[in-house]
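As they're listed, the protein sequences go chains X and C. Counting from 78, one number per residue, gives the positions in the first sequence under the working numbering. Counting from 7, one number per residue, gives the positions in the second sequence under the working numbering.
Hints were generated in silico from the structure; no laboratory data involved. A portion of the hints provided could be inaccurate.
Now the stretches of chain C that chain X is said to cover, found in silico as 3 or more residues with beta-carbon under 8 Å [claimed, not checked]: (1) 112-119; (2) 296-304.
Listing some non-contacts, in silico: residues in chain C with all C-beta distances to chain X over 10 Å [to be verified]: (3) L62; (4) H87; (5) G226; (6) M227.
None of these values were measured; they are calculated from a predicted model. Here a beta-carbon is modelled for each residue, glycine too, at the ideal position from N, C-alpha and C.
Take a look at the letters that make up each chain.
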Amino acid sequence: MKTERHLCSECAAQAGLTAQEAHVDAPTNPVEMIKQVLAAGPEIEVRAAPECPTCGSTFARFRKMALLGCPDCYQALEVPLQPLILRSQAAEARELPEHQGLRPSGFKSPTQSTKMLIRLERDLQGAIHAEQYERAADLRDKIRKLNEGIEPPDPTE
Amino acid sequence: MILPFEQHEDDGLLDVVLISRARLARNISGEPFVNRANREEQIRIRDGIASALRGLPELGLHWFDPDTAPSAEGQVLLERHLVSPKFLEPGPHRLAGYREDARLSVMINEEDHLRIQGYGLAGGLSLAWANAKGCERLLDEHLNFAFNEQLGYLTACPTNVGTGIRLSLMLHLPGISLVGGMDRMQHAANDLNLEMRGTSGEGSEAIGHLHQISNRRTLGMDEEDLLHFLEDDFLSRVVREERRARDTLLNTRREFLDDRVQRALAMLRHARLLGEREALDLLSELRLGVAVGLLTGVPLETANQLMQRVRSGHLTRATGCTEEEPLRIQRADLVRRELGGGTPQSEST
Numbered sequence: 078m079k080t081e082r083h084l085c086s087e088c089a090a091q092a093g094l095t096a097q098e099a100h101v102d103a104p105t106n107p108v109e110m111i112k113q114v115l116a117a118g119p120e121i122e123v124r125a126a127p128e129c130p131t132c133g134s135t136f137a138r139f140r141k142m143a144l145l146g147c148p149d150c151y152q153a154l155e156v157p158l159q160p161l162i163l164r165s166q167a168a169e170a171r172e173l174p175e176h177q178g179l180r181p182s183g184f185k186s187p188t189q190s191t192k193m194l195i196r197l198e199r200d201l202q203g204a205i206h207a208e209q210y211e212r213a214a215d216l217r218d219k220i221r222k223l224n225e226g227i228e229p230p231d232p233t234e
Numbered sequence: 007m008i009l010p011f012e013q014h015e016d017d018g019l020l021d022v023v024l025i026s027r028a029r030l031a032r033n034i035s036g037e038p039f040v041n042r043a044n045r046e047e048q049i050r051i052r053d054g055i056a057s058a059l060r061g062l063p064e065l066g067l068h069w070f071d072p073d074t075a076p077s078a079e080g081q082v083l084l085e086r087h088l089v090s091p092k093f094l095e096p097g098p099h100r101l102a103g104y105r106e107d108a109r110l111s112v113m114i115n116e117e118d119h120l121r122i123q124g125y126g127l128a129g130g131l132s133l134a135w136a137n138a139k140g141c142e143r144l145l146d147e148h149l150n151f152a153f154n155e156q157l158g159y160l161t162a163c164p165t166n167v168g169t170g171i172r173l174s175l176m177l178h179l180p181g182i183s184l185v186g187g188m189d190r191m192q193h194a195a196n197d198l199n200l201e202m203r204g205t206s207g208e209g210s211e212a213i214g215h216l217h218q219i220s221n222r223r224t225l226g227m228d229e230e231d232l233l234h235f236l237e238d239d240f241l242s243r244v245v246r247e248e249r250r251a252r253d254t255l256l257n258t259r260r261e262f263l264d265d266r267v268q269r270a271l272a273m274l275r276h277a278r279l280l281g282e283r284e285a286l287d288l289l290s291e292l293r294l295g296v297a298v299g300l301l302t303g304v305p306l307e308t309a310n311q312l313m314q315r316v317r318s319g320h321l322t323r324a325t326g327c328t329e330e331e332p333l334r335i336q337r338a339d340l341v342r343r344e345l346g347g348g349t350p351q352s353e354s355t
């Protein structure tokens, strides 16, 4: 029988997902594996513990109030939030659609390579969660190569 | 930028559509959302946004502070849909701005730091959107809104993330309802990822056959596409169905329809006490009678205005009454006066 492990049961419970939704099965700890895969790529954050570093909101709080605490929660709670956003916004799609429409006039459109980087990082997270470690390593190399090739983003932006 | 407030709007859908609204949700970058902000932060957010708005006199806003204004005033703004029920709940340091012509309103520190609402009558969804967008673009030059590339505008509730837009239409659907088509309409709306609900928001009952339709999706579909989708794919279809249902009733069950309308008119013209709910239900029948041509003496506009003027907040403001029974008397008086009732002689006028 095939066993998929995406989140540890503790994380899944904290994320408020049912075992089925979270594909939780055996009590193996994938966080360690993620850490190993990411060891060579320090620019990628491990977001296993869903708590916002800016405002301290947890996913459990979000489930209770249906409200996030600050804009940074979107990134901090990305893993448990994403399936919910996907379900409420684009149930038919397999991945989150990218924002279309008005944007702040001061917000610069990202360059092609930054867009590519964002996509690769998202794919990497997906690969890790799907335990496709060969693919994850491959993506990590691509990200590293791309990072060497482009200017680091301006921190004032 | 020229704001579209004075623009003429198409009232060709007035028989079915009462109000069109476009709401945009925005939050200030680097600040906690309202539900997580402490007192100082709430005040700082409110004052920052209010100061940007005060610097834009072309918006023509009047101000409403729920902490200091009399509660009847808030009730009137609520009945005009210029503020939400949530805005009037005791809570953080809130502030609203609105145009007296009800083309634009802003709410500060409701669920999000800023909610901008543009309005249009009848089929004026494009105008509603233009009003909201005009205000938003002006503010965009002064405020730094929380935004990211993937998710767009970041909102307190993820169901608004992306464009932060909610387009909504207040529809009068007595025809579809009387021919038993509401369930089908509900399913159709659901299939199109639209929310259909009663007049007072989520889960509320449809008083006077009034229904509110709004989009659910806010991510990955730009505002104009959504607008066209709502207008072309949904609204035109609903209007067609409602008119067809009214025609069917008129052609096949004329007495049934006429009886409802005439009874409603008689009640409205002769009642001495009228509750809010009862008045709205009767006015809905009256409006239907006017729209299908069974009643000729009453303009559709009068029926529409009455549906707002009989609301408790409006009546309290107009008469000073706050007690239930005097309000019922005042409501009946108002309706009799407007519909030429009271004595047999005046009924013919």
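Status of the hints after comparison with the structure:
For a cut-off of 8 Å, the count of residues in the segment 112-119 of chain C with a CB near a CB of chain X stands at 1, and the three-residue condition is violated. Check on the segment 296-304 of chain C: 0 of its residues sit with their Cβ under 8 Å from a Cβ of chain X, so the three-residue criterion for coverage is violated. The claim that L62/C is not at the interface with chain X holds, since no C-beta of that chain comes within 10 Å of its own (minimum 15 Å). No beta-carbon of chain X is positioned within 10 Å of the beta-carbon of H87/C; the least distance is around 23 Å.
Its closest Cβ contact with chain X, about 3 Å, brings G226/C to no more than 10 Å, contrary to its assignment away from the interface. Some Cβ of chain X comes within 10 Å of the Cβ of M227/C; the nearest lies about 6 Å off, and the non-interface call is violated.
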